[in-house]
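Protein chains in written order, with the numbering used here: chain C, 1 to 719; chain H, 720 to 878.
Since the hints were made in silico from the structure, they are not lab data. Note that this is a predicted model, so its numbers are computed, not measured. Among these hints, one or two may not hold up.
[What the hints assert, rightly or not] Heads up, simulated DSSO-like pairs for lysine-lysine below, C-alpha to C-alpha not over 30 Å straight-line: (1) K736/H - K268/C; (2) K675/C - K218/C; (3) K161/C - K214/C; (4) K534/C - K566/C; (5) K218/C - K871/H; (6) K461/C - K543/C.
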Amino acid sequence: MNGPAQRFVPEPERYEFRATPIHHFELDRRDFFKLLGAGIAVFAIAKNSSAMQETAPGPRSFHGEELPKEITSWLHVGEDGSVTGFTGKVEIGQNIRTSLAQTIADELRVPFESVRMVTADTALTPFDAGTFGSRTTPTMTPQFRRVAAAARDLLIGVAAKEWNVAPEGLIAADAKVSDPASGRSLRYAELARGKTLAQNLPAEDPVTPAAQWKIAGKPVPKVDDRAFVTGRHQYTPDLRPAGMLYGKVLRPPSFGATLLSCDDSAAKAMAGVAIVRDGDFIGAAAPSEREAQNAVAAIHAQWKEGPQISNKELFAYLKEKASSSSEARHRNQKGSVDDGLASAAHRLDATYTIAYIAHAPLEPRAAVAEWTGGKLTVWTGTQRPFAVRDDLAAVFHILEGSVRVIVPDTGSAYGGKHTSDAALEAARLSRAAGHPVKVVWTREEEFTWAYFRPAGVIEVKSGLAADGTLTAWEFHNYHSGSSGIETPYDVSNQRTEYHPVPLVLRSGSYRGLAATANHFARETHMDALARAAKIDPLEFRRKNISDARLRSVLDAAAKSFGWPRKKSQEGQGFGLAAGFEKGGYVATCAEVAVDRTSGAVRVVRLVEAFECGAIVNPDGLRNQVVGAMIQGLGGALFESIEFENGRIKNPHFANYRVPRFRDVPEIEAVLLDRKDLPSGGAGETPIMTVAPAIGNAIYDATGVRLNSLPLVPNGLRWV
Amino acid sequence: MANLIELQVNGKRSLVKYPPDASLLTVLRDELGLTGAKYGCGEGQCGACTVLIGGAPRRSCQVPVSAGVGKSITTIEGLEKEGLLHPVQQAFLDAGAFQCAFCTPGMIISSVALLHAKPNPTSSEIIQFLQGNICRCGTHPRIIDAVRQAAKTMQGGRP
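Please construct the entire structure, taking both the sequences and the accompanying hints into account.
What follows is the structure in structure tokens.
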């Protein structure tokens with residue numbers, strides 16, 4: 001899950017579009033129109049595997065034989081004028097169903113309401129290896145824009161042929177093609193009628209610049225929003241196909257425990273219960289959730305457990321294992337750190353630590369599986385429907401084409417829903433029971449058997465000239481990851497290394513990956529350096545940054561916050577932090593109030609400026625930015641997974657604290673709209689700078705420098 | 720074991736055959752098909768399963784179905800009347816006060832209960848009342864705005 005395979009270059013990769021048809025296109029095209037009805041279709045083709053590198057590491061990306069592997073999105077205009085966009089991306093609350101439909105409507109020149117998105121259904125949508133890395137907007141938005149432009153040209157071409165005029169003089173608008181010369185017009189529905197016209201995306205097709213967008217760039221409300229406030233929307237746990245049973249899995253008492261013996265006779269004797277034992281997998285399917293629970297509870301299993309480390313010795317363990325392991329996976333060197341340190345007027349070395357945290361999506365991992373003949377259909381809340389399909393095919397020794405994975409719009413994920421666990425469990429139980437089976441993880445299972453944002457140790461050595469110029473920067477990340485590891489500051493002597501460590505707890509992606517850890521260490525360290533040089537933290541950063549976009553967000557956040565501010569009471573403090581990652585630029589200013597007597601830390605105000613190019617939907621973007629700030633507050637202040645001997649000690653909301661209403665400060669998100677730049681993703685980067693801004697504010701308030709995340713799980717000891 | 724239990728949910732009487740100590744949430748979701756109330760934790764900690772029992776907000780995952788007998792139960796599905804959204808639902812819609820929206824039914828039901836008890840709550844009263852409802856997407860500021868807006872609408876007379 002973590003490591004270089006999951007790491008992407010921050011710039012949008014260049015998808016290559018080709019007009020050349022695919023050799024096995026005819027067959028699929030017939031299937032396509034059979035499925036959707038006649039009309040006009042345009043396909044976006046990824047010419048080679050480079051376009052899919054991000055999503056399909058390993059040999060799968062080189063198959064290149066099946067159509068869905070090469071087509072990355074498609075669009076259909078039906079005989080009734082309805083427009084359907086197809087993408088393998090999933091909707092998990094980040095609002096892409098809306099933003100992609102806006103883009104299509106904008107470019108095709110149709111009303112927003114006429115566009116429907118079909119997402120994340122392996123039988124209907126093109127291959128896509130996952131919704132992560134803030135990739136949907138930078139990859140899918142330009143793709144759909146070009147696909148829509150090509151469809152518009154096709155429709156114009158049909159009209160031109162119909163009227164026997166040159167297409168150049170015709171105009172597409174309001175779902176119609178018009179001929180200003182003659183005053184004639186035809187609706188898209190009329191033009192599509194009786195056609196089965198398909199085209200691959202031409203190599204070059206100009207699209208509408210952001211400054212001229214009419215539907216994109218506007219705060220369009222979430223598609224189907226009414227279904228969410230009425231409870232009508234069905235998430236995976238809400239599905240109940242006819243004859244469905246409820247599945248439960250017997251979990252081992254600790255991580256890595258192996259099954260010694262198992263007596264399931266009592267459980268097997270229960271009416272209507274199917275028990276499955278397959279290797280170390282033991283589960284039950286029953287007509288009700290309670291009966292399934294009772295059956296699992298009636299199984300007497302003996303496990304062999306081994307000693308495992310606890311979070312008390314974690315950080316020493318990570319350092320020890322890393323130093324004995326081989327080379328750093330990410331390494332970057334420039335100039336000579338030794339020389340830079342030797343010439344420094346101020347030197348500062350520090351170590352930072354980051355705890356494991358959990359995603360805790362409110363919708364737990366869940367799946368409903370149904371076998372029909374030898375074919376398997378699974379509904380599941382996942383960020384990687386095609387990977388789940390492949391896992392199911394491999395595990396059950398069936399063809400990928402015999403597995404269909406459908407992702408209902410899901411109750412959030414935050415990088416936590418990349419694995420197939422619930423899908424495999426439901427499918428295994430369903431195959432044995434001969435009925436559809438639903439598995440919904442309990443909250444305790446969620447906190448225990450999912451995966452975590454990796455913990456880490458970060459060591460920084462640095463040097464500063466007397467005038468506040470950075471002379472040396474050495475940065476080592478042990479285990480937590482390499483995302484956002486490179487400093488955005490101008491330092492002529494630097495060394496950056498990421499040292500992987502074998503997993504202690506099952507770990508993986510989390511919103512922003514390690515960028516949060518790396519920014520916490522870097523921006524805390526920068527604050528300490530500014531203090532050492534007696535320079536205002538904002539001025540200090542501006543002095544060492546030449547990146548104009550980064551300076552813009554810093555200045556915007558500082559302006560809205562009123563930086564620099566004078567303290568008006570004891571315990572008040574101000575801090576800031578900035579950075580960029582995945583094409584997004586962010587700066588956060590924080591105000592805290594620390595109570596000297598109780599040690600309670602309250603975040604009073606957060607102001608964050610964010611810029612990710614041309615904004616597709618300012619309302620959705622604001623939700624994402626504010627949401628990331630609030631989620632970041634939890635990891636900053638108090639979230640931490642505690643573990644001992646292969647057991648999670650706080651697997652409940654009662655003892656794993658997440659941000660609640662009382663924790664939420666006054667929040668302001670300043671969105672910079674750069675219509676001259678391509679649209680970037682926004683799901684992750686706004687989370688990165690919350691923790692260091694708060695930590696720096698705590699220092700400003702108290703003089704106590706906190707180098708560990710979470711900062712104040714038990715309040716602050718401020719003597 | 721299973722008893723015949725009579726429930727009054729969203730103004731409709733239903734007979735269910737269930738063990739009396741089964742959770743109300745399970746009966747609503749698995750038996751009556753009212754899946755608007757969500758399982759978020761099963762521990763009464765997240766508020767996603769909140770329903771109104773006799774007008775009071777209750778964590779239905781913690782309430783045995785027997786405790787619902789003889790009382791009027793309202794779920795998120797029961798708020799919309801003849802195609803017209805409840806002012807709280809409308810306010811959530813207008814404020815865009817959701818992202819993944821898994822917490823939304825519980826948030827709306829809790830807010831309805833709050834506005835019933837306190838038609839004109841202060842911000843801190845809203846925060847206090849919703850403290851038991853978790854939103855992991857971080858939509859809290861908009862939810863507070865939505866509740867405030869709903870209070871205004873409702874004081875002006877329910878549309």
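Checked hints:
1. K736/H - K268/C: Holds - the C-alpha atoms of K268/C and K736/H are around 24 Å apart, at most 30 Å.
2. K675/C - K218/C: 13 Å, holds
3. K161/C - K214/C: 28 Å, holds
4. K534/C - K566/C: 16 Å, holds
5. K218/C - K871/H: Distance of about 27 Å is within 30 Å: holds.
6. K461/C - K543/C: Status holds; Cα separation ~19 Å.
Of the numbered hints given earlier, the model fails none.
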